[in-house]
Amino acid sequence: MSSRRSRIAAWSSLVIGGLLASPARAADIEVPGTERAVEVHGFVSPGFIVTTGNNYLAKSKRGSFEFSEVGINFTVQLTDRLRTGVQLFARDLGPQGNYSPKADWYYLDYRFEDWFGIRAGRVKIPFGLYNDTSDIDAARVPVLLPQSIYPLYNRDLLLAQTGVELYGRVRTRSLGALEYRLYGGTIFLDVATQSTVPPQGLTNLEFPFVAGERLMWETPIEGLRAGGSLQALRLDASFDLPNIGPVGASLQGALWVGSIEYALHDLLLAAEYSRWIFRLDSSNHAIAPPSRVIHERAYVMASYRINDWFHPGAYYSVLYPDVENRSGRAAQQHDVAGTLRFDINHHWLVKLEGHFMSGTAGLTPDLNDGVPLDRLERNWGVFLVKTTAHF
Amino acid sequence: MRAIAVGRFVLFALFALLVLVTPTHVSAEPSPAFVVIVNPQNPYLALDRSFVADAFLKKVTRWPNGDVIKPVDLPPRSRTRARFSEQVLKRSIAAVKSYWNQMIFSGRDVPPPELSTEEEVVKYVLTHAGAVGYVSGDARLGDAKIVTIR
Chain C
1 MSSRRSRIAA WSSLVIGGLL ASPARAADIE VPGTERAVEV HGFVSPGFIV
51 TTGNNYLAKS KRGSFEFSEV GINFTVQLTD RLRTGVQLFA RDLGPQGNYS
101 PKADWYYLDY RFEDWFGIRA GRVKIPFGLY NDTSDIDAAR VPVLLPQSIY
151 PLYNRDLLLA QTGVELYGRV RTRSLGALEY RLYGGTIFLD VATQSTVPPQ
201 GLTNLEFPFV AGERLMWETP IEGLRAGGSL QALRLDASFD LPNIGPVGAS
251 LQGALWVGSI EYALHDLLLA AEYSRWIFRL DSSNHAIAPP SRVIHERAYV
301 MASYRINDWF HPGAYYSVLY PDVENRSGRA AQQHDVAGTL RFDINHHWLV
351 KLEGHFMSGT AGLTPDLNDG VPLDRLERNW GVFLVKTTAH F
Chain R
1001 MRAIAVGRFV LFALFALLVL VTPTHVSAEP SPAFVVIVNP QNPYLALDRS
1051 FVADAFLKKV TRWPNGDVIK PVDLPPRSRT RARFSEQVLK RSIAAVKSYW
1101 NQMIFSGRDV PPPELSTEEE VVKYVLTHAG AVGYVSGDAR LGDAKIVTIR
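Chains as they are written, first to last, in our numbering: chain C, 1 to 391; chain R, 1001 to 1150.
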């Protein structure tokens, strides 16, 4: 516990130090003998979650403060075309994270031209409109992005990959602009920080590959963009099960999402529809027979900034973890959410958010005393308070 | 003779009418809310609004001649910045801040420098060849060049 407290104190002092050092802008560190500077940015984002009916993300029925993130990053433009950066990140989300610091992203980015550049390192995965910015509370209205497409539980799985990304953007005179991102690499997953109870007998877990693309068209209609993302991945796991012995399992996934967003002046409208297709195979079909499942995920979202300090928003999100079985509370989750965002100033904000949930597909038995999903409360609520300071 | 007298009277009447309808003082053109300025070495006289918007959001990083674009902003509380943001970027300053938070914390890019005063913006534009900035219409520009936004 003291180690956890010391981690929180260290992170907080680092970021709050940055805020105090330069309240008006990024804290720049000059590089001696050059015009260049290391730009330093950071955020502290503590939160509180309380739910009715079921535990969600944390032991939340009794209320939980295990809903916080903190990060600090350093970026330097080495030449006109070459940039490098690193972000350290820690979070506490129920049983996950526990403020263990990790390199969230780090990269070398060489932009040959605006239409072609290369990033190498650990880079955020572009999937849909908001995946690569999904843990940036200050950059959006909702506390929780629609969990059907941006599940917090899968943050470490879907947020970043270690490998290479090609990117670019081309603007035409009359057809708007086209932005592309292509990537390929692997994902390093720390099983110890993923769940309260690691799968029984798990001895090894690795991603041979993750690859994908995002293509986004900025249409000639000001503020309207539309696009699609694809991702393919493979996860291999090894188990040593009592009385059975070693078992190997392989999960192949193909994920796609179609996206549309209209953002003009103070209005934001967005909608996305997605399907995630997974195939499971194993070396022991008696234990784990081959199977195929298709998830269906979608949401619509709207927000409008009333003035400098008040920005409300709402969304409806739906998740079906198996399109061939949509009946029963465990086979679906509908989420109607409303958020009030208050910007105290340009570096500090507070959010209040409420959700009405119907269905239990996004829950886990682990957090609910092992009770199966089809026996948890069908209708339940989530209330969140989040405050974020950033520079 | 009578025709000449009538002609002189008509001319006098027209002159009198012109004097009456002309304001006693000619007011100066009101200053524009902002002007976009570039370094005097910059060869461009007019720019598309979408190009300027892309430059300030760093979606384009080079002038058509290959030089690096160096955009520079005023502080978030500046009224000049608010007007520039609404008219050129088509977004409020808060929306632009959200955009830059996305870029900063996902490792994509960092925002243009924010300078405290219009004098500092003019000085920056004059000392950086690829610079582009904006100031209020009545700011002292020195040798900085105004470009027309199409």
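If you are wondering where the hints come from, they were derived from the structure by calculation, not from laboratory data.
Just so we're clear, the structure is a prediction, and the values are computed from it rather than from any experiment.
C-beta atoms are modelled at their ideal positions from N, C-alpha and C, and glycine is treated no differently.
Hints are not guaranteed to be accurate.
Stated by the list, open to error - Some chain C residues near chain R, calculated using beta-carbon distances under 8 Å: (1) I136; (2) G223; (3) A271; (4) F310.
Claimed, not checked - Within a straight-line C-alpha distance of at most 20 Å, the following computed EDC-like cross-link-like pairs (lysine to aspartate or glutamate) qualify: (5) R/K1059 x C/D80; (6) R/K1145 x R/D1109; (7) R/K1090 x C/D266; (8) R/K1059 x R/E1119.
Self-check item: In rising order, the numbers of the hints this structure does not comply with
Solution: 3, 4, 6, 8
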